[in-house]
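Q: Both chains are given apart, each in its own frame, so use the hints to dock them into the complex.
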Amino acid sequence: GNSVTQMEGPVTLSEEAFLTINCTYTATGYPSLFWYVQYPGEGLQLLLKATKADDKGSNKGFEATYRKETTSFHLEKGSVQVSDSAVYFCALAIPFNSGGSNYKLTFGKGTLLTVNP
Amino acid sequence: DAGITQSPRHKVTETGTPVTLRCHQTENHRYMYWYRQDPGHGLRLIHYSYGVKDTDKGEVSDGYSVSRSKTEDFLLTLESATSSQTSVYFCAIGIGVLKFNEQFFGPGTRLTVL
Chain D
9 GNSVTQMEGP VTLSEEAFLT INCTYTATGY PSLFWYVQYP GEGLQLLLKA
59 TKADDKGSNK GFEATYRKET TSFHLEKGSV QVSDSAVYFC ALAIPFNSGG
109 SNYKLTFGKG TLLTVNP
Chain X
576 DAGITQSPRH KVTETGTPVT LRCHQTENHR YMYWYRQDPG HGLRLIHYSY
626 GVKDTDKGEV SDGYSVSRSK TEDFLLTLES ATSSQTSVYF CAIGIGVLKF
676 NEQFFGPGTR LTVL
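These protein sequences, in sequence, are chains D and X. Quick note: to get the numbering used here, add 8 to the position in the first sequence (first position is 1). Quick note: to get the numbering used here, add 575 to the position in the second sequence (first position is 1).
Extracted from the complex, chain X is given alone in its bound form (with noise of 0.2 Å):
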């Protein structure tokens, strides 16, 4: 167990309207990572950090920003929702000794957007 939570587990909202959603470790890892879940399209990267206020955009970044001011919060913030946005998020840590290439996920937060 990575010791990974995300909040809230779902949530339903209407256009237009800002949403945050959180993900917290409890064991000090470096590197986090936020995907969106669609069907057909596996997990895409949406952005990822690699320390405290270090994040980086991946391949799908376009409406969504991201805050890390502790090594144990990574913030997923849309800043103004769209239908578009609806989706399973999963919130992923990278775990290794050197080369941190396994990941381990978060329950997921289902997101529907009105």
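Bound-form chain D, shown alone (with noise of 0.2 Å):
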């Protein structure tokens, strides 16, 4: 079946560190790979997307890029900010009609960032 492995925390660093999230995948065809945050009390918010092999997806800071040889998807971010402290999800899409226009996503656990000033 589809999966989602994200590495768990929590994960705490200091103001300007490198963040690394890491997320590894197993799926069937080709799918769709997201990191979505999650700010403490609200809904989960898109933070970036790649839908095909070395697309990188990139905001606000944060990167990864879709490595179809390692199925892998990480997160990055040069210099982490108080600001960034968040629940981080990894999510794979994959299409569950025939017609390959509704999508199914799987969550992996989630990763709760903590920067401190």
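Incorrect hints may appear among the rest.
[What the hints assert, rightly or not] In silico EDC-like pairs for lysine to aspartate or glutamate, Cα to Cα no more than 20 Å straight-line:
# : chain 1 : residue 1 : chain 2 : residue 2
1 : D       : LYS117    : X       : GLU677
2 : D       : LYS57     : X       : GLU677
3 : X       : LYS586    : X       : GLU654
FYI, nobody ran anything at the bench for these hints, they're computed from the structure.
A: Shown next as structure tokens:
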């Protein structure tokens, strides 16, 4: 079946440190890959995405590259801020209708990031 | 802003009572989803809808039913709530062109079943 495994947290960093959150996946076919972020008390927000191998998604200083050969989509940021403290979810999307228009999202368990000043 | 609201935002109820959660969207999107979020599990799909009166089960559908009588509203019902259904429930809509593989989430409903 399809699954996402992401680095277990919590992760605690100092401001301006480099961030990596590992994510690997198992999927049939060719999934699209996503990172979502959840700030305290809020819903999930799409952070970035990649739809095919070697695509790089980027947003707000975060980046992730779709690596088909290692089935990975690791999230990185060069210099984290206190405002980046949140839970980060890696997810994959595959179609679950024959027309390929309706997609099922499979999520990892989430990684809590805390950034201290 | 994808125009998704959920109501109520918080609810406390007792075991055995029926509960209905509402998801409302303002932009006429075809695909809508209900998830539950639990510590250590991430988000898991309960049910989804691909149009008015068109719904299907997700991976954790036992104990839940859904209805979609209008494009803008997707209702999740717990016929007889149990303590194991204490969770945070998120509604989402599918967005895209031809391939609706991006999902945007509502703010969530925190449900406590005593």
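Q: Now tell me, hint by hint, if it's right for this structure.
A: Okay, the hints, checked on the actual structure:
1. The hinted pair formed by D:LYS117 and X:GLU677 meets the criterion: a straight-line CA distance of about 19 Å does not exceed 20 Å.
2. The hinted pair formed by D:LYS57 and X:GLU677 meets the criterion: a straight-line CA distance of about 9 Å does not exceed 20 Å.
3. Of the supplied pair hints, the one linking X:LYS586 and X:GLU654 holds, its CA atoms being roughly 15 Å apart against a limit of 20 Å.
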